[in-house]
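Chemist: Now for the letters of each chain:
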Amino acid sequence: MYTQGLDSLGKDCLRDEAQDGAGVETRFQCRVDAEDKIEPKDWMPEAYRRTLIRQISQHAHSEIVGMLPEGNWITRAPSLLRKTILIAKVQDEGGHGAYLYSAAETLGVSRAELVDQLLEGKAKYSSIFNYPTPTWADVGAIGWLVDGAAIMNQIPLCRCSYGPYARAMVRICKEESFHQRQGYEIMMRLAAGTERQRAMAQAALDRWWWPSLMMFGPSDAESKHSAQSMRWKIKRFSNDELRQKFIDSTVPQADFIGLKVPDPALRWDEAAGHYRFGEIDWREFEQVLAGNGPCNRERLEARRRAHDEGRWVRAAASAWAEKQRAKSTQAA
Amino acid sequence: MTDDKLDWPLYEIFIRARSGLDHKHVGSLHATDARMAIEHARDLYTRRQEGVSIWAVRSSEIVASDPGEADALFEPARDKIYRHPTFYDIPDEVKTL
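Protein chains in written order, with the numbering used here: chain A, 10 to 341; chain B, 315 to 411.
These aren't lab readings, by the way, just hints derived from the structure by calculation. Possibly wrong hints are sitting among the right ones.
[As the list claims (entries may be wrong)] Simulated crosslink set (DMTMM-like; lysine to aspartate or glutamate; CA at most 25 Å straight-line):
#	chain 1	residue 1	chain 2	residue 2
1	B	K338	A	E55
2	A	K233	A	E55
3	A	K336	B	D336
4	A	K50	B	D406
[Stated by the list, open to error] Calculated from the model, a selection of chain A residues having no Cβ within reach of chain B, i.e. all distances over 12 Å:
#	residue
5	R58
6	R59
7	T60
8	L77
9	T84
10	K133
11	P143
12	Q211
13	Q237
14	K242
15	Q296
[To be verified] Chain A residues, not near chain B, derived (Cβ > 10 Å throughout):
#	residue
16	Q64
17	A112
18	E114
19	G117
20	I164
21	G226
22	F246
23	V270
24	R285
25	E310
26	E318
Treat the numbers as computed from the prediction; the structure is a model and nothing was measured. For every residue, glycine included, the Cβ atom is placed at its ideal position computed from N, Cα and C.
Pulled out of the complex, with its shape left as it was, chain A reads as follows (with noise of 0.2 Å):
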């Protein structure tokens, strides 16, 4: 049905703004409530600009230092098996910094700067990749809970109002229910084990239970932003929203490995179908953003280290990309 398109546009009201000669920003505004996507090369407001370079550069700073946790145990697996499967998780990592610093760049922001931000300490980056990942257990625990909080929040970003972002979600999201698969198997198998491993399991789980739900950040009452993202539809659902998404799916999967989430509150409510939960510590996921998590300082210098020690590949490329060049013009 090659005409169907052509009577539900949907965008009916833009063409009656622009002809009423209604404000920029009204226009923008319809655009994207009638669902319509926002490109590079579109007039938008300068906040959102603001508020997209923000928010997509944090994610991508977040995937680059999430490759630190996990990178510190590919020397360690267990078996070769885990240890290429760990190698091509954080890959994908690396891989999806790189799809949201080039998104980021789309907004007129160039990927030197967003690096620099980060090295400086003057750039966010998710609190949970601040924790520490002691016991390989650890990397089960991330996969699953960190992973899966992570894909709550990015699935509904594959519909966010910004083209660019939302198909760098697209290719995320596929990769990231691999990662929280293989981790969960991990927690599987430990929680199958030995007496030793079963506790190993269960110590990560109470690691990681209360970091992971700080990953969907303060309650909606305490949220600065959420209110104009959702109208801008950069956010499609609050952050208590979310949560509660993740929670209810969650603790099924540790009741089927016979694991206890560590919250003495949690309870099924049959009436509403959720789980009810405890007070989430706030005072700690302040402390964390405010650099004085376990290991903020750690993370921040692996980067500097890996950014200079880095430094002559860099200038050893561009010097050949050069020579070639050079050598073309003169065979030419």
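Got chain A sorted already, so can you dock chain B onto it with the hints?
Modeler: Just chain B now, kept in the frame of chain A:
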């Protein structure tokens, strides 16, 4: 802090998912030259057999239409629904048309 500002040019990457399909835009990346762009695109966009062929094009070489002239460019096609086969009412008895 980065004394070596990352000034590698930006490339747009297009991937042919399977033989017989068009190359489709998948994203962009920085590289020193075309060869590196292809190699990075392999690592970045085809880790799960998403492609059998890669095009890399310097972003600065792409000429794009201006969203501001979208109406001038595309509006004229809006009312020409007779260009579509479903515009024409043909009785069901008539076959293979």
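Chemist: A separate judgement is required for each hint: does it hold in the structure or not?
Modeler: Going through the hints against the structure:
A C-alpha spacing of about 30 Å is found between K338 (chain B) and E55 (chain A), which places the hinted pair above 25 Å, so the restraint is violated. Simply put, K233 (chain A) and E55 (chain A) have alpha-carbon atoms about 18 Å apart, close enough for the 25 Å limit, and the pair holds. For the suggested pair K336 (chain A) and D336 (chain B), the alpha carbons sit about 34 Å apart, so the restraint of at most 25 Å is broken. Under the criterion of a C-alpha separation no larger than 25 Å, the hint pairing K50 (chain A) with D406 (chain B) is inconsistent with the structure, at around 46 Å.
For R58 (chain A), the condition that its CB be more than 12 Å from all CB atoms of chain B holds, with the nearest at approximately 15 Å. At the 12 Å boundary, the C-beta of R59 (chain A) stays outside the reach of chain B, the nearest C-beta of that chain being 20 Å off. The beta carbon of T60 (chain A) sits about 20 Å from the closest Cβ of chain B, which is more than 12 Å, so the claim that it is off the interface holds. Every CB of chain B lies more than 12 Å from the CB of L77 (chain A), the least distance being 19 Å, so the non-interface label holds.
No Cβ of chain B comes within 12 Å of the Cβ of T84 (chain A); the nearest lies about 21 Å off, and the non-interface call holds. The Cβ of K133 (chain A) sits about 17 Å from the closest Cβ of chain B, beyond the 12 Å cut-off, so the non-interface label holds. Separation of P143 (chain A) from chain B is adequate, the least Cβ-Cβ distance of about 29 Å exceeding the 12 Å criterion. In this structure Q211 (chain A) is separated from chain B by more than 12 Å, as the shortest Cβ-Cβ distance comes to about 33 Å.
Consistency note on Q237 (chain A): stated as away from chain B, and its beta-carbon is indeed over 12 Å from all of that chain's, at 23 Å minimum. The beta carbon of K242 (chain A) is kept farther than 12 Å from every beta carbon of chain B, the shortest such distance being approximately 19 Å. Distance check for Q296 (chain A) against chain B: the nearest CB is about 26 Å away, which clears 12 Å, and the non-interface claim stands. The Cβ of Q64 (chain A) sits about 18 Å from the closest Cβ of chain B, beyond the 10 Å cut-off, so the non-interface label holds.
The claim that A112 (chain A) lies off the interface is violated: its Cβ sits roughly 8 Å from the closest Cβ of chain B, which falls inside the 10 Å cut-off. For E114 (chain A), the non-interface assignment is contradicted: its Cβ lies about 7 Å from the closest Cβ of chain B, within the 10 Å cut-off. Every C-beta of chain B lies more than 10 Å from that of G117 (chain A), the closest at about 12 Å, which supports listing it as non-interface. Distance check for I164 (chain A) against chain B: the nearest CB is about 19 Å away, which clears 10 Å, and the non-interface claim stands.
Residue-level check passed: G226 (chain A) sits 27 Å from the nearest beta carbon of chain B, beyond 10 Å. The non-interface label for F246 (chain A) is consistent with chain B: the shortest C-beta to C-beta separation is roughly 26 Å, beyond 10 Å. A cut-off of 10 Å between C-beta atoms confirms that V270 (chain A) is not in contact with chain B; the least separation is 33 Å. For R285 (chain A), the requirement that its beta carbon stay farther than 10 Å from each beta carbon of chain B is met, with the minimum near 40 Å.
Once the 10 Å rule is applied to beta carbons, E310 (chain A) is consistent with being away from chain B; the minimum gap is 13 Å. For E318 (chain A), the shortest C-beta to C-beta distance to chain B comes to about 13 Å, beyond the 10 Å cut-off, and the non-interface label holds.
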